[in-house]
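Peer 1: Just so you know, the protein sequences line up as chains Y and U, in that order.
So our numbering is basically just the index in the first sequence, starting at one, shifted up by 273.
So our numbering is basically just the index in the second sequence, starting at one, shifted up by 273.
Note that these hints are calculated values from the structure, not bench results.
It is possible that some hints are incorrect.
A few chain Y residues that face chain U, going by a derived Cβ cut-off under 10 Å, partial list only [unchecked claim]:
hint, residue
1, H299
2, G334
3, T350
4, V379
5, Q380
6, L435
7, I438
8, L441
9, R512
10, F520
In silico DSSO-like links for lysine-lysine, alpha-carbon gap of 30 Å or less [claimed, not checked]:
hint, chain 1, residue 1, chain 2, residue 2
11, Y, K533, Y, K523
12, U, K340, Y, K340
13, U, K533, U, K340
14, U, K533, Y, K523
15, U, K533, Y, K291
16, Y, K340, Y, K523
17, U, K533, U, K523
Pulled from the structure, derived: some chain U residues nowhere near chain Y, Cβ distances all over 10 Å [unchecked claim]:
hint, residue
18, A304
19, G334
20, D515
21, H553
All of these numbers come straight from a predicted model, not from anything done at the bench.
Even glycine gets a Cβ: it sits at the ideal position worked out from N, Cα and C.
Number of protein chains: 2
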Amino acid sequence: MRNFNEFTITNAVMERLKDARDARMHQISAALVRHLHAFVREVEPTFAEWEAGIDFLTRTGHFCNDKRQEFILLSDTLGVSMLVDAINHRSAEAATETTVLGPFFVQHAPECALGADISGGMPGEPLLITGSVRGSDGQPLAGAVVDIWHSDSDGYYDVQQLDEIGDLAMRGRFRTDENGGVRCWSIRPAAYPIPHDGPVGRMLEAQGRHPWRPAHVHFMIAAPGHEKLVTHIFASGDRYLDSDVVFGVKDSLIGAFAEKPAGQAADGRVIRRPYCHLHHDFRLRPDPASAANPAEFASA
Amino acid sequence: MRNFNEFTITNAVMERLKDARDARMHQISAALVRHLHAFVREVEPTFAEWEAGIDFLTRTGHFCNDKRQEFILLSDTLGVSMLVDAINHRSAEAATETTVLGPFFVQHAPECALGADISGGMPGEPLLITGSVRGSDGQPLAGAVVDIWHSDSDGYYDVQQLDEIGDLAMRGRFRTDENGGVRCWSIRPAAYPIPHDGPVGRMLEAQGRHPWRPAHVHFMIAAPGHEKLVTHIFASGDRYLDSDVVFGVKDSLIGAFAEKPAGQAADGRVIRRPYCHLHHDFRLRPDPASAANPAEFASA
Numbered sequence: 274m275r276n277f278n279e280f281t282i283t284n285a286v287m288e289r290l291k292d293a294r295d296a297r298m299h300q301i302s303a304a305l306v307r308h309l310h311a312f313v314r315e316v317e318p319t320f321a322e323w324e325a326g327i328d329f330l331t332r333t334g335h336f337c338n339d340k341r342q343e344f345i346l347l348s349d350t351l352g353v354s355m356l357v358d359a360i361n362h363r364s365a366e367a368a369t370e371t372t373v374l375g376p377f378f379v380q381h382a383p384e385c386a387l388g389a390d391i392s393g394g395m396p397g398e399p400l401l402i403t404g405s406v407r408g409s410d411g412q413p414l415a416g417a418v419v420d421i422w423h424s425d426s427d428g429y430y431d432v433q434q435l436d437e438i439g440d441l442a443m444r445g446r447f448r449t450d451e452n453g454g455v456r457c458w459s460i461r462p463a464a465y466p467i468p469h470d471g472p473v474g475r476m477l478e479a480q481g482r483h484p485w486r487p488a489h490v491h492f493m494i495a496a497p498g499h500e501k502l503v504t505h506i507f508a509s510g511d512r513y514l515d516s517d518v519v520f521g522v523k524d525s526l527i528g529a530f531a532e533k534p535a536g537q538a539a540d541g542r543v544i545r546r547p548y549c550h551l552h553h554d555f556r557l558r559p560d561p562a563s564a565a566n567p568a569e570f571a572s573a
Numbered sequence: 274m275r276n277f278n279e280f281t282i283t284n285a286v287m288e289r290l291k292d293a294r295d296a297r298m299h300q301i302s303a304a305l306v307r308h309l310h311a312f313v314r315e316v317e318p319t320f321a322e323w324e325a326g327i328d329f330l331t332r333t334g335h336f337c338n339d340k341r342q343e344f345i346l347l348s349d350t351l352g353v354s355m356l357v358d359a360i361n362h363r364s365a366e367a368a369t370e371t372t373v374l375g376p377f378f379v380q381h382a383p384e385c386a387l388g389a390d391i392s393g394g395m396p397g398e399p400l401l402i403t404g405s406v407r408g409s410d411g412q413p414l415a416g417a418v419v420d421i422w423h424s425d426s427d428g429y430y431d432v433q434q435l436d437e438i439g440d441l442a443m444r445g446r447f448r449t450d451e452n453g454g455v456r457c458w459s460i461r462p463a464a465y466p467i468p469h470d471g472p473v474g475r476m477l478e479a480q481g482r483h484p485w486r487p488a489h490v491h492f493m494i495a496a497p498g499h500e501k502l503v504t505h506i507f508a509s510g511d512r513y514l515d516s517d518v519v520f521g522v523k524d525s526l527i528g529a530f531a532e533k534p535a536g537q538a539a540d541g542r543v544i545r546r547p548y549c550h551l552h553h554d555f556r557l558r559p560d561p562a563s564a565a566n567p568a569e570f571a572s573a
């Protein structure tokens, strides 16, 4: 097989895939080649544009390290992450809606007691987070593993400033009590631009887009017999709710960061300054196939 | 705009592109989003597969350095490079056909006198390379800049073994004489597998494909008023002519590496052992818009 031209090359590449390791590898490879070639045929890149594309991907790769995942940012900002999320959550179960994981999840966040302060001493308005975890049938799920993480009051995550703050902060792993309850103290997160000093930032600029996300708290919740829930709760009233750069906002995931006066808080703690309180009731989809051990399941 | 689902997300992302820097950026971004989403919709990746994709791109980026361009290998092995090449060479001019640049071109190869030995002392069967450079009207092009580069007799390029050999070898930049002639001595290159110890190698393995290219010599030829020619001449009889991993072979680019006895060679040099001789007549497409300075043009 030789002498390929723009009309014959796609089938030539497809033909080479006939001995792929398995049917799924064949399917994904063939679809990738077809769609990638269709993209090239549509835009007809010059050599300079092709080189710019190679360079963009290379710089994106070079920006990735253990604290920064530029390809996830790329997937998020092109709407691919939310599309994959939607495809994987088609069932109409009465369960909490999902959104992107984002690039700031950390596998082994500190295990914390219910009610703990996870702010790590970061400055900001105190925030009480409370929630309940139930199955889609409404039964409370005791012992569910709840990962909570969020930005500081300037919009930065701990992993973006580890050199300065020295340790993880504003994240923790909890286990729900016998009523499915979870609670902790932290500080109120701010809206923030996704890291935009790299190739994805330059892409957004060229596309005429801002890099902002509305303020939110991340939750990942795992319980035996249920699908792992990956979601956020967004701050109601945030100016970026309608233009989240990663397309992650759903109305059902908007929650009030309710302003409260100094005094005794909902968890019994007495607090001497005004604070805010975010509460959300989560419902997990049943998944009989999920692992029995929630800790194992949470870190899958 | 919120609450995107798998049916609405694509238009939502397109909508965000309305303030793109210019029409071309808008066109490329919109096409990228549409085709990328179509790919995702077709294969419906699980989260684990999406993560594997992110990881593949990240590892591919991390493999790129000043001696290795893994994303070009990816483009080459998926047939994208030859597709871009075909799209950019539609004219039916009587000109030499083109093929991929490949990842081993070096911007500033040593300037060499005509007839020079560029083997750098690498072991192998001596190879005399001769050629002529003409316009599509048949007129010889004097002073054209000709870059020549190829692998050693084990199939490795100089840049893959710089630590061992210490300097560039088997590459040089020449200027054609008043008859459009170019000539040099080197060693006969071998067929070789593209570098396959990285992510692209693992992809080829999973796709059930070998990583080999037929033996060839690269040529890049630039002359004022003409399109820069990027091509190879492949060794006739090579076992990989029909399965070049980057789909680059065209019949018109296959040349004889003619075996010659010891004695006086075509360039007048007396050689005491058998050698081989590769000759090719190149024709460049006219391009009135091309830069007047060939050196500048060659390194563009």
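Peer 1: Would you mind marking each hint as holding or not holding in the structure?
Peer 2: How the hints compare with the structure:
no.	hint	verdict
1	H299	holds (8 Å)
2	G334	holds (1 Å)
3	T350	holds (9 Å)
4	V379	violated (15 Å)
5	Q380	violated (13 Å)
6	L435	violated (20 Å)
7	I438	violated (26 Å)
8	L441	violated (22 Å)
9	R512	violated (14 Å)
10	F520	holds (5 Å)
11	Y:K533 to Y:K523	holds (25 Å)
12	U:K340 to Y:K340	holds (26 Å)
13	U:K533 to U:K340	violated (35 Å)
14	U:K533 to Y:K523	violated (75 Å)
15	U:K533 to Y:K291	violated (41 Å)
16	Y:K340 to Y:K523	holds (27 Å)
17	U:K533 to U:K523	holds (25 Å)
18	A304	violated (5 Å)
19	G334	violated (1 Å)
20	D515	violated (6 Å)
21	H553	holds (17 Å)
The structure is inconsistent with the numbered hints 4, 5, 6, 7, 8, 9, 13, 14, 15, 18, 19, 20, although it conforms to all the rest.
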